[in-house]
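K.L.:
The lines below spell out each chain.
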Amino acid sequence: MKIVIINYGAGNIQSIKFAIQRLGHSAILSNNVKEIQNADKVIFPGVGEASSAMHKLRASGLDKVIPELKQPVLGICLGMQLMCNSSEEGNTKGLGIFDVDVIRFSNKVKVPQIGWNQISNLKTKLFEGIREKEHIYLVHSYYAPLCNETIAESEYDLKYSSALRKDNFYGTQFHPEKSSDVGERILKNFLEI
Amino acid sequence: MLAKRIVPCLDIKDGRTVKGINFVDLRDAGDPVELAEIYSREGADELVFLDISATEQKRKTLADMVYRVAEKVSIPFTVGGGISSVEDVDVLLQNGADKVSINSSAVKNPQLINDLAAKFGSQCIVVAIDAKQIDGRWMVHLVGGKVPTEKELFSWAKEVEERGAGEILFTSMDHDGTKNGFANEALAKLSTELNIPVIASGGAGTIQHFTDTFVYGKADAALAASVFHFKEIKIKDLKEALKGSGIPVRL
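Chains A and B, in that order, give the protein sequences.
The opening residue of the first sequence carries number 963 in my numbering; numbering runs sequentially from there.
The opening residue of the second sequence carries number 88 in my numbering; numbering runs sequentially from there.
FYI, nobody ran anything at the bench for these hints, they're computed from the structure.
Note that the Cβ used here is the ideal one computed from N, Cα and C, for glycine as well.
Mixed in with the good hints there might be a few duds.
Calculated lysine-lysine pairs in the DSS-like style (CA-CA distance at most 27 Å, straight line) [as the list claims (entries may be wrong)]:
#, chain 1, residue 1, chain 2, residue 2
1, B, K330, A, K1095
2, B, K330, A, K1070
3, A, K1095, B, K159
Residues from chain A shown here face chain B by an in silico Cβ test under 7 Å; the list is partial [to be verified]:
#, residue
4, F980
5, G1010
6, S1013
7, T1054
8, N1069
9, K1072
10, I1076
11, G1077
12, N1079
13, H1097
14, Y1099
15, V1101
16, Y1104
17, Y1118
18, K1140
19, S1142
With the sequences and hints as input, model every part of the structure.
P.N.:
Structural data, given as structure tokens:
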């Protein structure tokens, strides 16, 4: 299986590569359009700030390439957020794959949310074998509200989308690569889609 | 619901864990990777590695260790100790660290917090603050509590938040090593005044101390070293006790 992690200069992607290795596969880091298009699975990571990440995607033309991909694609954390219509962070447009706008948590709660929260209302094969209310690790200040494409929800301040899916595109707000055994299973499920 | 975090802290010197760590089942008590795997299996939510080495090869040795830990461990970890520049942080994150913790360098050059938050995002910048009470005021200290500064804990913590830190790791030098409990009054004040998570450190001796720091200290996470290293408290027992007290934990 050819797994490509899109490398556009956003954050810690080493951990994702290692998590895939622990599952017995290997992944390559690439920003090469052909290589990404020819992959069996594509992982779209992202740590950092939304508008500057979008800027990097536009500069490399990946903003046009990603929404056209036909194989399973998994956006993680900021990667998932960039796949939405827009983000309040730096007031940027997103890739428009998921029909939802990313907004900031209110100051009624500590921001960023850092740590282990629970996922529930789990849908799709991505969560096969995962029990309701398992804990996953996340770090974020912005969130996607619940919408038609929500396939997992968490609660912090309010209920929001912890994972999204549209067609071949999946996104998780949490970091499966940092979510211990639960995250490992979710990554494994993705690789088997 | 967001769980309260239990965070073992490992001191690292020249890529090896220091202090007698009492794990009988350990093949190599000095290997940070093996220890990290054990803590991860036992249910630690996060790990902190504090590098105390002072050699010229320090940076490369630490980066190598980070790489080896990230390769094996599937829970988040923070690296601290002598980090003083954007380049230092870049290397550690590239090698797989999730967060970095800065302390003295932030006091000496507060702009570093802004620079790191702008480049890497607040979520991976932890500012560690060591403080102790002098004439009733909590004063920030450096070098493990040896060197006093002019900064007062609460105003410094507020400044650190405003400059873009994602989390504060507060160690009370008055409580550290005493095993008499965490500095809950100061912690609660920090947690109420700030809108970023606060990690409690210094003073853990019993399970009750952890319960108290989450309930009365309003801490988001609690860090400890020796009670875990010497198996005085098992993480699983601790978490079950916390759950029994109605504190949300990951079990």
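K.L.:
If a hint holds in the structure, say so; if it doesn't, say that too.
P.N.:
These are the hints, each one checked on the structure:
{"no.": "1", "hint": "B:K330 - A:K1095", "verdict": "holds, 15 Å"}
{"no.": "2", "hint": "B:K330 - A:K1070", "verdict": "holds, 24 Å"}
{"no.": "3", "hint": "A:K1095 - B:K159", "verdict": "holds, 25 Å"}
{"no.": "4", "hint": "F980", "verdict": "holds, 5 Å"}
{"no.": "5", "hint": "G1010", "verdict": "holds, 5 Å"}
{"no.": "6", "hint": "S1013", "verdict": "violated, 12 Å"}
{"no.": "7", "hint": "T1054", "verdict": "violated, 15 Å"}
{"no.": "8", "hint": "N1069", "verdict": "holds, 6 Å"}
{"no.": "9", "hint": "K1072", "verdict": "holds, 5 Å"}
{"no.": "10", "hint": "I1076", "verdict": "holds, 5 Å"}
{"no.": "11", "hint": "G1077", "verdict": "holds, 5 Å"}
{"no.": "12", "hint": "N1079", "verdict": "holds, 5 Å"}
{"no.": "13", "hint": "H1097", "verdict": "holds, 4 Å"}
{"no.": "14", "hint": "Y1099", "verdict": "holds, 6 Å"}
{"no.": "15", "hint": "V1101", "verdict": "holds, 4 Å"}
{"no.": "16", "hint": "Y1104", "verdict": "violated, 11 Å"}
{"no.": "17", "hint": "Y1118", "verdict": "holds, 6 Å"}
{"no.": "18", "hint": "K1140", "verdict": "holds, 5 Å"}
{"no.": "19", "hint": "S1142", "verdict": "holds, 5 Å"}
The earlier numbered hints that this structure contradicts are 6, 7, 16.
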